[in-house]
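Heads up: the sequence shown at position 13 corresponds to 13 in my numbering, and the numbers run straight through without jumps.
Careful: at least some of the hints might be erroneous.
No farther apart than 30 Å at their CA atoms in a straight line, the calculated lysine-lysine pairs in the DSSO-like style are these [as the list claims (entries may be wrong)]: (1) K805 / K837; (2) K853 / K837; (3) K791 / K727; (4) K849 / K900; (5) K693 / K617; (6) K668 / K727; (7) K805 / K791; (8) K304 / K232; (9) K54 / K304; (10) K727 / K738; (11) K338 / K511.
Just so you know, the hints here were simulated from the structure itself, not pulled from any lab data.
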Amino acid sequence: MKEKKQKATNHTIKNKPKDFLIPIITSLVFIALIFTPVYINFNSLFYDLFLTTKNKIKEDPRIVLLNVDDKAIDKLGAWPWPRSYMADALIVLKELRGRTLIFDIEYNTPSPAGINNLHLKNDIPNEFHNRFRDMSSQFTDFFFALKAQQISLEDAEYYINDLIDYTFDTKDDLLASVDSLVINNDDYLAQAIGFFGNVSSAYRVFETENTGLSDEDRNLLKKKLALEVIKKHKPREDFVDFQPSLVPMMMNADKSGFVNVIIDPDGKRRRLNPLAFIEGEAYSQLVFSTVLEWLDYPTVEVEKNKIRLINAKYDDKRVNISIPLDSDYNMLINWPHKVYDESFIHVSIYDLVQYKRGIDELAALFKNLELRDSWQLFSMNPLNSITDEFEYVQYVLAQALQAQTQDTSNEYVEAIEAWYESIAFFFDQGYEEIVSNTLEDIIDASEDVQQAVLLEAEKDGFALEFENTRDSFNILMTNKKLLTEQLEGTMSIIGYSGTGTTDIGATPFDKAYINIGTHASFANTIFQRDFLQESSRLVDIIGTLLIPILFYFLARRLTSTKLGIAGIIASFLCVLIPWAVFKYTGYFYKLVPTLLALLLSYLIYSLIRYFRESREKSFLQKAIGTYVSNEVLNEIIEDPSKLKLGGESRHMTVIFTDVKGFSSISEKLTPEELVTLLNAYLTGMSDIILDEKGVVDKYEGDAIIAFWGAPNILENHAYHSIAAAVKMKILGEELNKKFIAEKMTPAPLLTRFGINTGEMVAGNMGTERKMNYTVMGNAVNLAARLEGVNKMYGTWILTTDYTAKEAGDEFIYRRLDQVRVVGINTPVQLLEVIDFKNSISSERESFLKDFEKALDLFNERNYKAAQDIFDNLLKINAEDGPSTIYRDRCIDFIKSPPAKDWDGVFNLTQK
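Sequences are here, hints too, so could you generate the full structure?
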């Protein structure tokens with residue numbers, strides 16, 4: 001029986017073998033989509049959406065973006081700048097102990113010669129001033145000596161020749177100083193790159209040959225740029241040549257990388273290629289070689305779908321990591337969930353250039369302060385050592401730029417730090433106060449008014465210049481501290497981020513993300529080991545083919561309603577599962593072809609099923625709709641297999657009704673009158689049954705057989721059956737008033753009801769050619785017997801205690817005998833259904849309580865006391881059948897008591 005039930009539950013309208021072609025054909029259609037750009041665009045929409053819900057990646061605080069930003073453009077002038085600015089920035093970054101600098105700027109053409117603006121502004125005027133002051137002093141001393149006759153006219157010629165030689169020497173020195181204004185900025189930047197040491201320069205890889213690159217330079221650069229890797233899979237070579245930055249810069253750089261970015265068909269940037277291969281050699285992406293250095297140069301193994309870094313150093317631990325690659329050998333970038341300006345640490349390149357200028361300006365201020373006449377008060381000018389020390393700093397820098405070794409670069413850092421310490425020591429000695437007090441004392445003691453005025457001016461000028469120099473130093477040290485906090489030990493990526501930049505593109509989180517941040521995000525993804533991976537084309541094909549087919553095998557076993565629900569759930573899961581997998585693992589299944597194939601196959605199959613079922617429903621409604629109830633018809637339409645013979649065991653409730661003396665009534669009516677009367681009666685009664693969710697099984701003349709709990713399962717079937725009986729009894733009284741008034745019947749139609757609950761078989765009974773959906777079993781037979789037992793007790797609605805217990809406590813019952821009915825040996829407790837509990841009158845309720853008391857006395861064999869109560873009840877209601885039968889039994893048992901071993905159960909001999 002369970003097997004039959006399972007088959008019935010899973011049955012749908014018959015499927016045809018060719019239906020299997022639906023998911024196959026739709027899958028093949030969308031598999032073809034995998035090879036088109038449209039496929040990438042639609043999948044990218046889901047990818048971006050999923051990425052926004054993924055946990056945010058941490059940002060490595062060691063990554064800094066050095067921006068040629070609007071602030072720098074506004075302060076330093078339009079881009080491109082003289083390359084000396086970048087050289088100055090490199091020198092400063094070395095002093096601030098930055099670890100790595102990466103140029104996201106291609107310097108691939110020579111720049112014009114530049115002017116050393118600071119030299120022109122500070123050194124040249126100071127040198128001209130000093131040399132001309134010396135010349136003036138020489139001539140003044142010579143003429144005063146002649147005037148004082150300290151030099152004879154004969155010796156004067158000798159001194160004049162010396163003065164002429166000195167004049168020409170001064171001219172040559174000044175011309176040489178002017179010549180030094182012109183600098184080769186490209187050489188300066190190349191020297192600064194070598195000076196800093198750990199610099200990565202930029203170049204670009206091409207799919208065509210670069211005819212502008214000489215073979216000598218190409219071979220030199222290939223040897224310099226090639227990265228040592230282990231190739232466990234022969235990689236695809238998409239490039240044949242490269243466009244480098246200027247060769248001196250490339251050769252001085254510790255490492256280099258290509259700046260090519262990958263733009264998806266929808267215009268967004270989501271991935272970068274860690275390596276490019278040219279003639280079998282591997283070349284690094286701009287930051288990848290630097291990342292390898294930061295990971296302590298792990299062994300790089302290139303496989304088909306990943307790059308493995310063997311023995312990489314993470315947090316003082318050695319680990320092996322795998323970088324997943326897509327089919328084009330690109331790594332997906334795990335972007336910060338921010339726009340460019342909010343991601344990573346930003347520093348304006350202007351701050352570095354200005355810091356370098358601050359050093360030179362501070363040196364010039366000390367030079368001017370050194371020349372103040374106030375220092376003549378001291379036996380030795382204390383600033384001589386500071387200016388000499390700065391000249392040493394410049395000498396060490398010049399040597400370091402030439403040598404381009406880390407030892408000489410570190411000597412420069414130590415030298416300038418020592419200079420700062422000397423300056424701080426100088427300001428701690430209180431020279432400002434000493435000079436001021438000394439000059440004040442001289443002024444007070446002077447009797448020469450003109451001299452006093454000059455000394456006062458010198459005192460004020462010295463104080464102002466001293467204060468300006470000290471303020472400049474303090475500002476420089478403040479900036480140094482701030483920049484050191486931002487840049488010490490960092491990987492700085494420098495690039496143009498000003499308003500006019502074209503190196504800009506869209507990402508999943510920013511429509512205008514500057515490409516400097518792309519390289520930073522690439523490095524950050526590797527540092528955090530928070531990789532993203534997308535499904536391969538093979539996985540996409542298998543998923544697109546397999547999932548619609550699996551859904552078809554599920555759908556073909558479902559009903560139409562369940563099919564619709566299953567289609568919605570399957571489509572939802574087709575998105576939800578890939579989303580969950582991506583959120584927690586970073587693996588992105590490119591679901592669009594699968595989802596579209598699933599939806600289309602579901603829609604096509606649903607439409608085919610709909611048209612087939614519509615035709616079959618129409619046929620069934622025409623064929624059997626007039627012979628069965630709507631419930632049965634709907635059940636058969638939903639499961640046509642129920643037209644076959646057979647049934648299933650169900651726990652149900654059944655009701656039998658019969659009109660008292662209907663044969664006598666029908667004899668007095670014409671056939672037409674009889675049909676009219678029956679139709680009116682049966683319609684009213686049947687409507688109540690249907691309203692109470694019952695099923696009318698059949699009509700046998702005036703009798704009605706109905707049941708609850710099949711074909712649809714009904715949890716509270718006992719309640720609905722008794723409620724229907726009570727309502728039908730009330731309706732019967734109303735119908736009788738109408739029937740009598742309209743003379744439709746010679747006598748009232750008084751209906752008796754038998755109700756029972758239990759296990760019974762529900763299903764189609766009969767033959768293949770003629771069948772009826774009905775119920776059978778002992779529980780059904782008992783209900784039929786109960787309807788007949790009403791005659792004996794003079795009752796109208798009889799049921800059993802089984803039904804009453806399941807129906808609940810919303811009804812009033814009258815307990816009667818325990819009986820054995822004809823054909824059923826098991827005793828049952830008879831209960832008369834009186835009414836709804838909330839509808840009974842107080843008089844009726846009192847009557848029933850007295851009856852219950854009398855029945856207890858009767859069962860205790862106190863027949864005399866029971867008889868007295870029954871007599872009183874009959875005085876109240878002389879037509880109460882149960883009181884009459886029990887009063888008569890009391891009289892009989894008083895005369896002839898039952899046997900002592902009698903169990904109190906009455907055997908009924910009438911059906």
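- [ ] List in ascending order the numbers of the hints, as given earlier, that are violated by the structure.
- [x] none
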